[in-house]
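Listed in order, the protein sequences are those of chains D and Z.
Counting from 1, position 112 in the first sequence corresponds to residue 112 in the numbering used here; the numbering is continuous, with no gaps.
Counting from 1, position 108 in the second sequence corresponds to residue 108 in the numbering used here; the numbering is continuous, with no gaps.
Read the hints as simulated data drawn from the structure, not as lab findings.
A virtual CB, placed ideally from N, CA and C, is assigned to each residue, including glycine.
Treat the hints with care, as some may be off.
Said to hold, decoys possible - Chain D stretches covered by chain Z per the calculated footprint, using a threshold of three residues with CB under 8 angstroms from any CB of chain Z:
#, stretch
1, 45–54
2, 71–81
3, 99–110
Said to hold, decoys possible - Simulated restraints, written as ranges between beta carbons of each label pair:
#, chain 1, residue 1, chain 2, residue 2, range
4, D, 55, Z, 63, 41 to 49 angstroms
5, D, 16, Z, 63, 45 to 53 angstroms
6, D, 16, Z, 26, 37 to 45 angstroms
7, D, 110, Z, 57, 16 to 24 angstroms
Below are the chains, spelled out letter by letter.
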Amino acid sequence: AQSVTQLGSHVSVSEGALVLLRCNYSSSVPPYLFWYVQYPNQGLQLLLKYTTGATLVKGINGFEAEFKKSETSFHLTKPSAHMSDAAEYFCAVSSGSARQLTFGSGTQLTVLP
Amino acid sequence: SQTIHQWPATLVQPVGSPLSLECTVEGTSNPNLYWYRQAAGRGLQLLFYSIGIGQISSEVPQNLSASRPQDRQFILSSKKLLLSDSGFYLCAWSGGDGQPQHFGDGTRLSIL
Chain D
1 AQSVTQLGSH VSVSEGALVL LRCNYSSSVP PYLFWYVQYP NQGLQLLLKY TTGATLVKGI
61 NGFEAEFKKS ETSFHLTKPS AHMSDAAEYF CAVSSGSARQ LTFGSGTQLT VLP
Chain Z
1 SQTIHQWPAT LVQPVGSPLS LECTVEGTSN PNLYWYRQAA GRGLQLLFYS IGIGQISSEV
61 PQNLSASRPQ DRQFILSSKK LLLSDSGFYL CAWSGGDGQP QHFGDGTRLS IL
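Put together the whole structure using the sequences plus the hints.
The structure is reproduced here in structure tokens:
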């Protein structure tokens, strides 16, 4: 069984400041890890993914995340926040024969002017 | 390129009425298909997934059902809706092991 914990259901940052959204996972098998972003009343858009190989992965819109096996973490970062980054962010871990996703409860990011 | 379509975008239904939500994928074959529900202020809950025509796995006991009559068509149904069925329903597909899931735009279901 797998699970995902996102620390902080709401995070506020100033425009231009560092964005850090935390994600810890548990998985009985080597995990595939994902970050998704959701804008109001829309579906989820993939930001980035980790499957194998390089542990620092870069995604769209300037986001990146680092897989740290020893810490069972996959935190999402962006050096400089933009107003357009305001949205809800979901971390997910994938496993099982059909690679079902287990999602965290989400972090609502607010960007202050 | 692959696309996923969900309809309707919004739906208001009375308690006890039936439900049918449809999802289709274009540009790929034999995808894994998924139905999720997102309740207000909560994360996403996997309801059903399918690895092939007629093959449906249910993750959560409930009064909903799913069917996959064609390779790229996934339908979520209910015979009698409950108030607790309200939420945002998302369909997704993936190409296989290690591939990310791609989501439709969702259906906002309100039960009155």
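Hints, one by one, checked against the model:
| no. | hint | in the structure |
| --- | --- | --- |
| 1 | 45–54 | holds (count 5) |
| 2 | 71–81 | violated (count 0) |
| 3 | 99–110 | holds (count 8) |
| 4 | 55/D x 63/Z: 41 to 49 angstroms | 43 angstroms, holds |
| 5 | 16/D x 63/Z: 45 to 53 angstroms | 49 angstroms, holds |
| 6 | 16/D x 26/Z: 37 to 45 angstroms | 40 angstroms, holds |
| 7 | 110/D x 57/Z: 16 to 24 angstroms | 37 angstroms, violated |
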